[in-house]
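J.: Just so you know, the sequences run in chain order D and G.
If you read the first sequence in the numbering used here, its first letter stands for residue 1, the second for the next number, and so on.
If you read the second sequence in the numbering used here, its first letter stands for residue 1001, the second for the next number, and so on.
Read the hints as simulated data drawn from the structure, not as lab findings.
For clarity, every value in this text was computed on a predicted model and none was experimentally measured.
Among these hints, one or two may not hold up.
[Said to hold, decoys possible] Output of the computed footprint for chain G on chain D, the stretches with three or more beta carbons under 8 Å from beta carbons of chain G:
#, stretch
1, 13–19
2, 22–36
3, 68–77
4, 90–101
5, 311–317
All C-beta atoms in this analysis are idealised placements derived from N, C-alpha and C, irrespective of residue type, glycine included.
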Amino acid sequence: MTKARDDFTLLWLQAGSCGGCTMATLERGAAGWFEELRGFGIRLLWHPSVSEETGEEARAILARVERGETRLGALCIEGSILHGPEGTGLFNKLSGTGRSMLDWARALAPRAQYCVAVGSCASFGGVPAGAPDPTDASGLQYSGVDMGGALGPDYRSVKGLPVVNVSGCAPHPGWIMETLLALSLGRFTRADMDDYGRPRIFADHLAHHGCSRNEFYEFKASAEEFSERGCLMEHLGCKATQAVGDCNQRAWNGGGSCTQAGSTCIACTSPGFEATRGVHRTPKIGGIPVGLPLDMPKAWFVALAALSKSATPKRVRENARSDRIARGPTPGAEKKPGGEKKT
Amino acid sequence: MSRIVIGPFNRVEGDLEVTLDVENGIVREARVSASLYRGFEQLLLGRPAGDALAIAPRICGICSVSQSLAAAAVLRAAQPIAPAPNGLIATNIAHAAENIADHLTHFYVFFMPDFARAAYAGRPWHEATEARFKAVSGAALREALPARARLLETMGLIAGKWPHSLAFRPGGVTRALALGDEMRLLALIADFRAFLERALFSAPLDAVIGLASARELDRFVEGAGAAGDFATFIRIARDLGLEEMGPGPGLLLTAGAYLGPEGHRFPAGLLDCATALLREPPLSRVEEDVSHAYMRDTAADPARAETLPDMRREGAYSFAKAPRLEGRAVEVGALARQAVAGHPLIRDLLARRGASNVFARIVARVLEIALLTRAMEDWTRALAPREPYCVADAPLADGPFVGFVEAARGTLGHWATFRDGQIERYQIIAPTTWNFSPRDAAGNPGPLEQALAGLAVGEEGATNVAVQHIVRSFDPCMVCTAH
Ligand code: SF4
Ligand code: SF4
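Looking at chain D on its own, in the form it has when it is part of the complex (with noise of 0.2 Å):
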């Protein structure tokens, strides 16, 4: 008989969340999440979307881990942390316990090994926390680039790391899993983690690195309309280069990605990405966007952009105002300098 393995546990909770994070989870895995966690020996003591446990029963999982006596491995929390009103936490009642995920989430967070903010609602407060953030939300750990958040600046996890934030609306469903299988094997330290708790595992990336426009971008030949093949930055708001994420490296859905549809990035990874106003427009002034690639300076960018404009291949510059690929590279084009022309 093989002996019981010692199993990696894992709590989900939703708070004040759109569920997206846990819709984007079940994409994952060639045979299904389950089967994926089940591979890694991770067990599900409960999550609210999948789970059998109802109502009394769910109750008492609850209970047990809060006492201690159901050891918990990880504690995934999807959604923002709402405190209002006033404080109370009441616009977000776990039901049928009477108490609020404000509550819930202190009184569990203790307890894990792990603590995992999936999404940006849970890492930093997120959509509902935009003005007038009429819910008083907050991530677990962070209220937009502050430290704070429900948790305190000061709360560490069971193992000693703060709130692990997979940020992200939604994260990619790798995002999600590639951090949670790495904790559940000890393989994941503070040293994998960015500035605001996010896994290097997609921030050590740029969403933009690997779009498909790149060549659109380095020539500045820019979409003016949506659906237009064009680089996104100048007109429509792509902020790819200042969000973290390997959104362009990876596929999303089976190849897809934010800019590769055409529909910008708009830093769903950052904190305090719901701020902004007008997410379909660039701000400029004086003809430049004001938010530049994050570690360009800003009069390298204006040159180098006057300089490639200049030297806009008419195909590139063609193409990028067409809704598809008006004209494909040539073989002329492709003739080396002094070779002769196949026939």
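Since the structure of chain D is already known, use the hints to place chain G with the ligands on it.
T.: Relative to the frame of chain D, chain G with the ligands by itself:
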């Protein structure tokens, strides 16, 4: 009389609490409560109108495309543009994919696992059902989840990502599909169809779509489709009498689904189940009642209403308002869409009981999976190469406008007032707001509250599994409800 509170109510989307007053083993009254409020209507105020396309979908991660499309519809109502036909078609393909994914998730992840519960241990079908459908561990999930993921690749192609895509515009979609994309779409729909014809139906889609009566359904279940998961459900439903369970309020509403260049694929209508009378829905006569909601009094007309919470309100028990049509509670969802569209099987199921019920709701949803998968193929073939996918926005007119779409769970309406390109008012009524509304000022319960009243729960009280079946038969989405 004893009062039982059920919560957290799981395997629904979002936060739901159900309170039952039980007397002599019978539910006398039910109260249905949405226990989450995030304030999306306030979050939208004062923003540039186009931001609704980024904010509104984030109400719900399970039907975000529907929320996007309702926002696009109300923006479109305020401007003189005709959307690109290709854009409408591509939108319908993506919307159908989301709605099918919802129906599929509901069937496999939310609804069927209740039949695998220990409460049914004595039934002859229990052992097999447990192996196939048990929550988290059932064998069916190993097939259904990958099939769902494959279906959602539609979103990668058309909308970049899901949930929360930004690709849907008043004038179409932000990505024009090329020939290769069309072929990829056809290939993934074919894969998904193969899963349906193998696992869910164990029969060709056309055989399911063509079912014209309850008798034909019975024959299908014993014959051609016997090995499918759908047949398993039908057999269990017959054994447990799900057709007698959870009658709705008797009025079925749909605002019309899948707007194409030639109008709606499934038309708008209001059907009276008892008389089978069908008419145009009086959508201008929607009112919101807040007598039992944690909300301040405001205009009843959603075009002029506000949403301001008030936790101290006397008699309130839910964050959901109570929408009423001509003063009456109505049921929305796949059953309403297919009943109004006149699908003969659905009409027959309704005629047998003179009311909606748990069984008919599930059958309608599963039938829609078949209908929409076929429609996705037709739509993909109807895309016109070289034609545009998006028409640019025109300046918005000032004033109040409304946009309706059908989410998986039913009619979704966005009422907005624009002024100088900004949002001055915004009100949303979601499908589950209709189905799970609390009482109104006249004391009339919402549809689920009615559906639970009269249920015999016996000694088990709250643990009676029938409560679970009735609640889940509506496939509630509480995050949409109060939003
Ligand atoms: S569209 Fe955005 S992500 Fe793509 S190249 Fe342009 S700036 Fe970068
Ligand atoms: S591209 Fe931008 S908006 Fe899209 S998922 Fe990535 S970070 Fe979020």
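J.: Hints first: check each against the structure and report whether it holds.
T.: These are the hints, each one checked on the structure:
1. Interface restraint, the stretch 13–19 of chain D with chain G: holds (5 residues with C-beta to C-beta distance below 8 Å; minimum three).
2. Judged by the Cβ-Cβ criterion of 8 Å, the stretch 22–36 of chain D is covered by chain G as claimed, because 13 of its residues qualify and three suffice.
3. Residues of the stretch 68–77 of chain D lying with their CB closer than 8 Å to a CB of chain G number 0, which falls below the three-residue condition for coverage.
4. Counting residues of the stretch 90–101 of chain D whose CB falls under 8 Å from any CB of chain G gives 8; the rule of at least 3 is met.
5. For a cut-off of 8 Å, the count of residues in the stretch 311–317 of chain D with a CB near a CB of chain G stands at 0, and the three-residue condition is violated.
The structure is inconsistent with the numbered hints 3, 5, although it conforms to all the rest.
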